[in-house]
Every structure is written in C-alpha cells, then in structure tokens.
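The sequence shown runs 129 to 380 under our numbering.
What the hints contain is simulated information worked out from the structure, not anything from laboratory work.
Small disclaimer: the values here were computed from a predicted structure and weren't measured.
Cβ coordinates follow ideal geometry from the N, Cα and C atoms, glycine included.
Among these hints, one or two may not hold up.
[What the hints assert, rightly or not] Ranges between beta-carbon positions, derived for each pair:
no.	residue 1	residue 2	range
1	Asn280	Lys226	23 to 33 Å
2	Leu252	Gln189	44 to 54 Å
3	Lys308	Gly258	33 to 43 Å
4	Lys205	Asp228	33 to 43 Å
5	Ile206	Asp230	14 to 24 Å
6	Ile319	Arg261	15 to 25 Å
7	Lys212	Pro184	42 to 52 Å
8	Gly258	Asp157	15 to 25 Å
9	Ser150	Lys308	34 to 44 Å
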Amino acid sequence: MSFKDKTLEVEKSDEGDVDERSTLMHLADHIYRKIEPHIGNNELEVEVRLCSHQVPIMELQQPYTILSKQFGPQPGKIKVGVTKEGFEAIKNYLIATKTDTDHPPLMTTTEDVKVNNERYSYDLINSDTGPIRKLTSVIIKQRILFVDVAINREDINYDFRFSINTESPVSIPATSPTKKMYSYTRFKKRISIKDGLFLYDLTEIRTSSEDLSYEIEIEGCFERENPKEDLTREWLVELMQRILSLAAIASK
129 MSFKDKTLEV EKSDEGDVDE RSTLMHLADH IYRKIEPHIG NNELEVEVRL CSHQVPIMEL
189 QQPYTILSKQ FGPQPGKIKV GVTKEGFEAI KNYLIATKTD TDHPPLMTTT EDVKVNNERY
249 SYDLINSDTG PIRKLTSVII KQRILFVDVA INREDINYDF RFSINTESPV SIPATSPTKK
309 MYSYTRFKKR ISIKDGLFLY DLTEIRTSSE DLSYEIEIEG CFERENPKED LTREWLVELM
369 QRILSLAAIA SK
C-alpha cells in the first residue's frame, strides 16, 4: 500500500503480479486491528458499502489504497451508491446465484426518521384501505470508526468503505415524534439476501428532497453471541472478495 505502515506493503509473486489474496489479507489485518478492541460488544455492526471517493487515479499506486488525512492520497468527497443499472445487475446476479433456500430474499419498504440521536423506523404496508405506517423499532446508532479504501483496477469503477458501529435498541414510545422534531427522513425500498455469515442489503433510498440513490452493502450476520468467534481476518478477506465481485458487476 502507499502507507508508511510496513504491515500494509503489497507482496508480489515471482512473476511480478500482485498476489490478490495476500494483498487483501494485509488490508484485513489493518482493519482487524482497528476493530479488535470492540469485538466483545454484542451490539457491534460491521458493514462494507460501495461508494466513490473521487480520488484522482494518478494518486493511486496500488490496486487498493487506504485513504488517510495523515498519509498518502487524501480522501475526497464520498458519494455512496452505484448507478441504477449497476444496482439492477447486482440484484439479478444475487437472486440468480442464491443457494440458501432456508432464507429467501426479504423485501421491505420503510421510512426512517432521525430525531436527535435516535432513528425511528416505520414499516410502510399496503392494505385495502390504504397505506399503513407502523413504528417497528427505535435505534441509537453510534459510529465507532470507518476505513475508506480506494480501488485502482481496470475492471472496477467503485471504491468501498468499512463502517464499524453499534446499534442499541430503545423502547418504542407510546407516541411517535411529530414532524417538527425530525432531523431528516429517508424512504427505503430494500431487498435483503442472507448467505451464511453475510447479509446483502440492496436499497433504493429516497430522501424528503426527492433525491434517489441506489446503495449496496454487505453486513456481518454473526451467528454466535460473541462476534469474536466469527469476526476473523479470514472473514474480512471474504467480505472484501464479495464486495469486489459486486463492484465488478456494477462496473460492466
């Protein structure tokens, strides 16, 4: 990598080609060391999403570069999501290749409302008498850290961001907040596809200003009470391999 951290240097084979898995393992080790102090938290959320960091390609000397304000290329303004065509291509691919019959794709339509530091999620359900808006959860989401990675590959037009957060449920209040209390509102149409320890979320998002975006993320779906048993360096490598595969599909 283009860092002064020697643990992130890229290994090369005798032929001079970058050893892809070795490179990703170095990257996973860097990310794991950042995550490790928080792994004992059973409310931990680990996710990676496709985005564009808008870093000039001439500043990227390696296939994968961790962006930092201290070293190397500076992170640019992040643009989360992919094109509509890329979104549809990823959705079709995941549905066509899904083998986990125990967990069929789940489709949801929700409205997320931010009030202070709490996120209110409402299910939007169609009925014979009209749409129903039902408050289903209240969450406090706190960001622990994120790691931005820029990609320099001919077959990929996107980058990715690791986000490490906690999500703490809050008791649902007897009355919902009024619109005057809202910080923002996001309407989400989502398809979720589970595959082992990974959960794919493909989300069409419309804000109150009518802006529309298409977001792709993969989240850890840990099956044990202590995430440390599942959240390993090898798991992080597989997570990156999966998001890179989706990035390549969206770039075609």
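Status of each hint after checking the structure:
1. Here the CB-CB span from asparagine 280 to lysine 226 is close to 31 Å, well matched to the stated 23 to 33 Å.
2. In this structure, leucine 252 and glutamine 189 meet the distance hint of 44 to 54 Å, their C-beta atoms being roughly 47 Å apart.
3. The beta-carbon spacing between lysine 308 and glycine 258, approximately 24 Å, falls outside the hinted interval of 33 to 43 Å.
4. Checked against the hint of 33 to 43 Å, the pair lysine 205 and aspartate 228 passes, with Cβ atoms roughly 37 Å apart.
5. Range check, isoleucine 206 to aspartate 230: Cβ separation about 35 Å, and the 14 to 24 Å hint is violated.
6. At roughly 21 Å, the beta-carbon separation of isoleucine 319 and arginine 261 lies within the given 15 to 25 Å, and the hint holds.
7. A C-beta distance of roughly 26 Å is found between lysine 212 and proline 184, which places it outside the suggested range of 42 to 52 Å.
8. Checked against the hint of 15 to 25 Å, the pair glycine 258 and aspartate 157 fails, with Cβ atoms roughly 53 Å apart.
9. The hint said 34 to 44 Å for the Cβ distance between serine 150 and lysine 308, and at roughly 55 Å that hint is violated.
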